[in-house]
Structures are given as C-alpha cells and as structure tokens.
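Residue numbers (the working numbering), protein chains in the order written: chain D, 152 to 204; chain F, 18 to 328.
It should be emphasised that the hints constitute simulated quantities derived from the structure, not laboratory data.
Ideal placement from N, C-alpha and C gives every residue a C-beta, glycine not left out.
Treat the hints with care, as some may be off.
To be verified - Within a straight-line C-alpha distance of at most 27 Å, the following computed BS3-like cross-link-like pairs (lysine-lysine) qualify:
| no. | chain 1 | residue 1 | chain 2 | residue 2 |
| --- | --- | --- | --- | --- |
| 1 | D | 198 | F | 143 |
| 2 | F | 35 | F | 237 |
| 3 | F | 56 | F | 25 |
| 4 | D | 198 | F | 56 |
| 5 | F | 35 | F | 60 |
| 6 | F | 131 | F | 161 |
To be verified - DEER-style ranges, computed between Cβ atoms:
| no. | chain 1 | residue 1 | chain 2 | residue 2 | range |
| --- | --- | --- | --- | --- | --- |
| 7 | D | 171 | F | 189 | 25 to 35 Å |
| 8 | D | 178 | F | 181 | 34 to 44 Å |
| 9 | F | 148 | D | 161 | 21 to 31 Å |
| 10 | F | 54 | D | 171 | 45 to 55 Å |
| 11 | D | 187 | F | 41 | 23 to 33 Å |
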Amino acid sequence: MLDAVTVRLKPAEVALPGFALREMASVPAWMTLFFVLSIVFAFALRKRFGVTF
Amino acid sequence: MFATTKVKLDKELVAKIKRYADLAGYSSPEEFITHALEKELSKLEGPRTRRRSRSASADSATSPEDRPEVMSLLNAALRRLFDLLLFPFQSLPAAVGIVFVSLLAALGMLWAFKRTSNQAGIEAAKRRMYAGIFEIRLFNDSFKQIWRAQGAILRANLTYLRHQLVPMLFILPPLVLAIAQLQFHWAYRAARRRRPHRARGDFRRGLAGGGGVPTGGSGKPQAELELPAGLTAETPALWIPEHADPGLAPARRPAGRPDPRHPDRRPPLREAARRRAPAGAALPVRRGAPGSISSSTRPRARCPPTACSTR
Numbered sequence: 152m153l154d155a156v157t158v159r160l161k162p163a164e165v166a167l168p169g170f171a172l173r174e175m176a177s178v179p180a181w182m183t184l185f186f187v188l189s190i191v192f193a194f195a196l197r198k199r200f201g202v203t204f
Numbered sequence: 018m019f020a021t022t023k024v025k026l027d028k029e030l031v032a033k034i035k036r037y038a039d040l041a042g043y044s045s046p047e048e049f050i051t052h053a054l055e056k057e058l059s060k061l062e063g064p065r066t067r068r069r070s071r072s073a074s075a076d077s078a079t080s081p082e083d084r085p086e087v088m089s090l091l092n093a094a095l096r097r098l099f100d101l102l103l104f105p106f107q108s109l110p111a112a113v114g115i116v117f118v119s120l121l122a123a124l125g126m127l128w129a130f131k132r133t134s135n136q137a138g139i140e141a142a143k144r145r146m147y148a149g150i151f152e153i154r155l156f157n158d159s160f161k162q163i164w165r166a167q168g169a170i171l172r173a174n175l176t177y178l179r180h181q182l183v184p185m186l187f188i189l190p191p192l193v194l195a196i197a198q199l200q201f202h203w204a205y206r207a208a209r210r211r212r213p214h215r216a217r218g219d220f221r222r223g224l225a226g227g228g229g230v231p232t233g234g235s236g237k238p239q240a241e242l243e244l245p246a247g248l249t250a251e252t253p254a255l256w257i258p259e260h261a262d263p264g265l266a267p268a269r270r271p272a273g274r275p276d277p278r279h280p281d282r283r284p285p286l287r288e289a290a291r292r293r294a295p296a297g298a299a300l301p302v303r304r305g306a307p308g309s310i311s312s313s314t315r316p317r318a319r320c321p322p323t324a325c326s327t328r
C-alpha cells in the first residue's frame, strides 16, 4: 500500500585521531577518507606491483 | 456458473485478510485473495514466457524489464559479501574498517591496472612528456621550438589519457558497486536504541486517487503502519493535508528541487534508512526509478517481511 517508508538519518562523521572528518560538499566523510587512502596505498604499493601510472 | 474449490486457511490469516482487504478498498476478501494469487502467478509465469521468447529469437540480450531484477540479485549477493567482509569491524571505529577496505581497493585496482593497461605505452607517453619539458628548457630562445614541444607534450598527454581509459573501464564498475554497498555501512549515523526517529510514509502513486485507501471525514487516510520487531511507534501517525495533493497523491518530488509550497524549506536530500537498525530490524530505503543505474547506486536494502507488508 505504501510506496516507501523513509527515516531521515544524519550524515555520519568519521572519528580520526585528533579530529572528526565531516561531510564536505555532499561528499560523505567515509568516501573522502576512502579515496584519499586508496590513492595513498596505490601509490605506496605501485613499485611492489611493478605498475606505472 | 463458475466451478469453485474450497481452500482451508488459518483463522488468524483469514482475519488479517479481511482487515487488509477492507483497508485496501477491496469489495470482499475473496476479491483480495484472487487479486493476490493472480499477481503471484503472473510473476511466476513471466520469467518462463520471457525465457521461451528469448530462446526462440536470436537476440540473447537482457531485456530492460530484466535489468533491475539482475541488479537486485547482484546487490543481494554483494550485500552478503560486504556484510561478511565488514563483520570483524562492526564493533571498531569506522576509520579502521575504511582503512582496511581502502587497502583492499588499492590492491584490487593495482592488480586490475597491471592486467588491463598498456604499461609500455604509458611509459613511452610519460617519456615523451618529459622530453618535451626538457626541450622547452633547452631551446627557450626559440619560439618555434617551444611551440613544437608544447604540441608534442599535448599529444603525449592525450595518448597517456587514452592508455588510462582502458583500465578505468574495468576498475570503475566494481568500484561503483562497492561504494553503493559501503554507503549503507558508513554514510549515516546509525539509528540507536531509545533514540526517536521520524518515519514518513508515501502512498503508492495513484492508489489513493483511485479509491484504494479509505479516508475519514477529514480526508485522513485510514491506514496504519506495522512496525518490525524491535521498533515501537511513540506517537500516532501525523497526516499533513497540505503535503497531500488532491486525491492523496504522494507528496514526492525530485531530490534537490525546492517544494513550491515551501520555497524557504530545504528539500529532503538525505532521506534514507540504514540497514542496521536496532535489534536487527532493518528498515527499507526509498528506491529510485527502476533501472540499472539507480539499482546500482541505490541497492535495495534488506526488508523484513513485516516492513515489506506495509508497501
């Protein structure tokens, strides 16, 4: 009968040592951290994998 | 005269059927049962018919009606995978899980990049760009030489981008699916025990207008919400007449577009439900229009039978 039941939840923060990462320009906090860390890890491990980009 | 067959049903079930048949505006419980059975049968008959028609024709491509179903199955499989993957991090801060997933994503991207990219071509393009920069520094007194070097750098740059594009085609689709799953785990503050949350229900388009929902004297729909185990309604349902169009059409508009009745009010951009609700009770989320893209970016959340029955 109902098309949707929605519950409004607030965006989550990601607690880091010393500060909390918040949502910025509609980009969720977890996504910012995920992309930054993915790039950092990819750069750190590129030589071990023998990859250039 | 139609031939009739008697079917034995549980008393409680019959009472429930009568109640909902009345609520949904059916003339009798028999009509409601017939409609429900016909609907289920058409669902079961549908795939068979489609399979036959596909095998008969040479075109084996997936039909548009099948795509959301395929996406739902894919998302259901991915949901289990991600639940399992993140299970050890449930009691830890979100940052720990994000570091782990980022490391996995980086390893996956490196592996895919190595397999699918033209490493020699990328190296060559980068060398040509370095050469162009050196050329500009060496022949900085020659305008013609600088222009030629600039052109070479630009060409090498475009070649470099072309080489990057191929691995991106392999990396981005799984990354989008993973992000859609992770969004449910970390994007919203979890619904906590003993903390009230406001739920909003929208009637299915055209249902109320077509007389599907009985209304009281004030126009308030005579409907009630059944909550899953672990959730209790603290207040009775509030019906806001100004949010309902004539005929109780759903007060729904595209996200980000202001409400013409309340231009100063911010539109609800972030209406979603976190799957992990208290006491294991999962809440359904608002779904976008049926389609592959909306199904992948907004995978259907796990919906308990009791919550689904309110749809």
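Taking each numbered hint in turn, which are not upheld by the structure, reported in ascending numerical order? Hints 4, 6, 8, 9, 11 contradicted; others consistent.
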